[in-house]
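Number of protein chains: 2
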Amino acid sequence: MTRFEVTILGANSAIPTANRFPTSQLLNVNESYYLIDCGEGTQIQLRRNKLKFQRIETIFISHLHGDHYFGLIGLLTTMHLLKREKPLKIIAPERLQEIISIQLRAGGTQLGYSIDYVPLVFENGYEILKDEKISVKVLKLSHRIDCAGFVFEELEKPRNLQKDNIDKYNLTFEEIKNLKNSIPIIRDKKELLEQLLEEKEITRTYAYVTDTKALESIIPFIESVDLLYHESTFLKNETKRAKATFHSTTHQAANIALKAKVKRLMLGHYSTRYLDLELLLAEAREVFENCILAIEGKTVKV
Amino acid sequence: MTRFEVTILGANSAIPTANRFPTSQLLNVNESYYLIDCGEGTQIQLRRNKLKFQRIETIFISHLHGDHYFGLIGLLTTMHLLKREKPLKIIAPERLQEIISIQLRAGGTQLGYSIDYVPLVFENGYEILKDEKISVKVLKLSHRIDCAGFVFEELEKPRNLQKDNIDKYNLTFEEIKNLKNSIPIIRDKKELLEQLLEEKEITRTYAYVTDTKALESIIPFIESVDLLYHESTFLKNETKRAKATFHSTTHQAANIALKAKVKRLMLGHYSTRYLDLELLLAEAREVFENCILAIEGKTVKV
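Chains as they are written, first to last, in the working numbering: chain A, 745 to 1046; chain B, 745 to 1046.
These are calculated hints, taken from the structure and not from any lab test.
On a predicted model such as this, the values are computed, not experimentally measured, just so you know.
Glycine included, each C-beta is placed from N, C-alpha and C at the ideal position.
It is possible that some hints are incorrect.
[Unchecked claim] The calculated lysine-lysine pairs, modelled on DSS-like cross-linking and capped at a C-alpha distance of 25 Å, are:
#1 B:Lys827 <-> A:Lys984
#2 B:Lys827 <-> A:Lys827
#3 B:Lys827 <-> A:Lys957
[Stated by the list, open to error] Okay, the calculated bits of chain A under chain B, using three or more residues with CB under 8 Å as the criterion:
#4 783-795
#5 840-846
Using the sequences and the hints given, assemble the complete structure.
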């Protein structure tokens, strides 16, 4: 199987501590890098985890609260200082572009690479990106300001021919090419395709949901995903505060996972008040057993 | 002696590394805190050094290159989330205000405290701040964009009466009050003042000079300071590069210290290329012996 894994660079909520960084994750899809959110210190965390940040092709910013993007301008500047030339795509709320531009202008900086800004569309299921490896669809979340979640889905890879079949069916060069492009060959007046190819690889899906109150409306769009990252800022005894601040509790996150029948749940965006994260994990597992904590520096295979 | 000391929060140049932060320093003058520059990660460094950042009264930003201010918006936001109400003064290039405002607006954040923005005046000797404890004067530096240095000078404290003199001169309550306000008393038709008071405390001075090419024009304004922080981004074999990028070498920094007859020199703003900072120190000492390195987490008494 090719690589499809996410490295946690920060999983704390708004107030960073001496050793817990705000939100950022690096998704590695077969050696293409996608950065999801970029809190202050993300470039330091990328270095600490020995992740080559010039390899990042696309950056997703879920919303414009600082703990999700204050590290972006520093990362963009460092990419420039390190002589990046490769274009970068940034998928973010529209206003981000002006925030970045005003700071580059103030510093007299003309980036040595181009940025392709893609404004977010806050609509469940909207396909905001499709490249050679993945399709990314938006989730419309409910926070104090516009906020998006993302569902990352691997694209099916072109299937190879089972090599034995070249001799068995006496395939021509043309036929081989056709088969790879899903055009069947004809033998004994029958079309043959599926049985000549290698088995389909499974395509994996990763859903990223933060910051938001728990939302049933996203369930159809995250159903059966392999891994769901869902914020659980608070323990369940803070349900009132979660509601007031448009965040989720452990039980709420776990209930979404349960109803959406996801394979695995990862908690994150912890309030600074919790020193022992195991409490959050234990509570979520009361509702949904296959649950893990997002921990800085850890890499999770999807 | 009261406290007058500077804690180094970051001393690296533009590109941060896994364990070297960009520029920031905290000046403690008798328990009043002044923050000088605020690179990305400054709030994390303040926490790591157990410095209560709500005690900061004034923030100085030397110029608008990111390694000197990208950490400011995060710090301001965290101060707000931690319920700061005390006003904050920010002394910075004028355009900073719009950069901060646009980000607060985008996040829907209304700070719970007020910010008093004081636009920098780039003029040698211009007094940009005078409060109860210090006077701060500007140095006009020469960088790729407008950049200021700062000279922090302790104010003379009101001098106390030597207690023996109350009986000796049979002082009235009124006379005691006058003496403290430098109004002499009359005895035998003579004015008496100095000899009745305690000795003057020495006032200390700290000069902060980064980012700039080495500038003789600032020498009259930093003459004899107790501690000079002068950037030395490069070793002397990179003199050409220093000139091209408007930075200083070790020898240039040390020569300024020598000509200005400062008591002590502290180097900083090291290029990321130098893993062994002792090389920079050794070179500077060839010219000016009383020289130290700015090291993250270290506190230097002025």
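Here is how each hint holds up against the structure:
{"no.": "1", "hint": "B:Lys827 <-> A:Lys984", "result": "20 Å, holds"}
{"no.": "2", "hint": "B:Lys827 <-> A:Lys827", "result": "41 Å, violated"}
{"no.": "3", "hint": "B:Lys827 <-> A:Lys957", "result": "23 Å, holds"}
{"no.": "4", "hint": "783-795", "result": "holds (count 6)"}
{"no.": "5", "hint": "840-846", "result": "holds (count 4)"}
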